[in-house]
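Enquirer: Spelled out from the first residue to the last, the chains are:
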Amino acid sequence: MARVVVNVPAEAKKGEVIEIRTLAGHAMETGFRRTQLGELIPRDIIRSLVCTYNGVEVFRAELHPAMAANPLLSFTTVATESGTLEFRWTGDNGFSATEKASIKVV
Amino acid sequence: MISRRGFLLLGVAGVANAQLPPNIAEIRKAALQEAIGKVTGNAQVRKGRVKLDIPPLIDNGNAVPVTVEVESPMTQADHVKAIHLFTERNPQPYVFSAHLGPRAGKARVAARARIADTGDVVAIAQMSDGSFWQESVKVIVTLSACLEEGLI
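First to last, the sequence lines map onto chains A and B.
Under the numbering used here, think of the first position of the first sequence as 747, with each following residue one higher.
Under the numbering used here, think of the first position of the second sequence as 401, with each following residue one higher.
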């Protein structure tokens, strides 16, 4: 299981724009590098990140080999109601990781 | 008879020729234009509204902090649908495509990119009314993200 970290404020005012930061531990092998013997190292990257807020998709990103290793993505969303934010990363070679964060909206 | 030095130079030139097509710059430019065309459907892309924040001088191309911010009220009627980032000199022009909606509140996405060589970095925003806006920044890279020969 891959190590992923998300940073979501624990509490927010209703209607406030909150910043969400996500980080996934992954080498993001580009598929362009070679070993010392000249063989291509096959591509192995995270291809997408989807963020849902109480089941509704609020952010989605497609990633390419030009994303740095351990892809960090930071974005914003409006705190509408208390609940959970779910993050799902998917990638090559069946890579999949999910993380949940709960938020209290006052 | 060929001198030892001449022979070595020939060898070096031969390796370089075998790995780099001479018109690599044009190939990369064409790939970038094609990638942008794919995203925009060859619609007109205007300059402005997008703010691309990237260091102009990059020490290490392996992890370059990039922030893209787009001027938009982010309402149901007028919001940013997507933000795309491209680089000119990478083996592939794509970096990321982020899809937002009115629930984002603010059109701001930050990430870290790999940048292979000195050249343009282009951010394109797709608005809900179908218009496209861009900003392009020229960056200088001192340590490339892909040091392998034949890539840059």
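These are computed hints drawn from the structure, not numbers from a lab.
Note that the structure is predicted; figures quoted are calculated from it, not measured.
Accuracy of the hints is not assured; some may be wrong.
To be verified - Below, simulated SDA-like cross-link-like pairs (lysine to any residue); rule was C-alpha separation at most 25 Å, straight line: (1) B:K481 / B:N462; (2) B:K438 / A:D838; (3) B:K438 / B:T542; (4) B:K481 / A:Y799.
To be verified - Partial list, derived from the structure: chain A residues whose beta carbon lies under 7 Å from chain B: (5) A748; (6) V751; (7) E757; (8) A758; (9) K760; (10) V763; (11) F778; (12) T781; (13) L786; (14) I787; (15) G801; (16) V804; (17) S820; (18) T822.
As the list claims (entries may be wrong) - Negatives, chain A to chain B, calculated, CB over 10 Å: (19) R749; (20) V752; (21) K759; (22) L809; (23) E832; (24) N839; (25) G840; (26) F841; (27) V851; (28) V852.
C-beta: ideal position from N, C-alpha, C; glycine also.
Enquirer: All the hints need checking, so say for each whether the structure fits it.
Expert: Hints, verified against the model:
1. B:K481 / B:N462: 28 Å, violated
2. B:K438 / A:D838: 23 Å, holds
3. B:K438 / B:T542: 30 Å, violated
4. B:K481 / A:Y799: 18 Å, holds
5. A748: 17 Å, violated
6. V751: 14 Å, violated
7. E757: Where the cut-off is 7 Å and the nearest Cβ of chain B is about 17 Å from E757 (chain A), the hint is violated.
8. A758: 11 Å, violated
9. K760: 12 Å, violated
10. V763: Check passed: Cβ of V763 (chain A) comes within 4 Å of chain B, closer than 7 Å.
11. F778: 5 Å, holds
12. T781: 11 Å, violated
13. L786: For L786 (chain A), the interface hint is violated, since the closest Cβ of chain B sits about 10 Å away, which is over 7 Å.
14. I787: 10 Å, violated
15. G801: Violated - the Cβ of G801 (chain A) stays beyond 7 Å from chain B, reaching only about 13 Å at its closest.
16. V804: Since chain B brings a Cβ to about 5 Å from V804 (chain A), closer than 7 Å, the hint holds.
17. S820: 4 Å, holds
18. T822: Status holds, d = 4 Å.
19. R749: The claim stands: R749 (chain A) keeps its Cβ more than 10 Å from every Cβ of chain B (closest is about 17 Å).
20. V752: 14 Å, holds
21. K759: 12 Å, holds
22. L809: Violated, since 5 Å does not exceed 10 Å.
23. E832: Holds, since 15 Å exceeds 10 Å.
24. N839: 19 Å, holds
25. G840: Consistent with the label, G840 (chain A) stays out of reach of chain B, its closest Cβ about 21 Å off (over 10 Å).
26. F841: F841 (chain A) is indeed farther than 10 Å from all Cβ atoms of chain B, at 17 Å.
27. V851: The assertion about V851 (chain A) holds, with a minimum of 13 Å to chain B.
28. V852: Given a closest Cβ separation of 17 Å, the condition holds.
Checked against the numbered hints given earlier, the structure breaks hints 1, 3, 5, 6, 7, 8, 9, 12, 13, 14, 15, 22 and satisfies all the rest.
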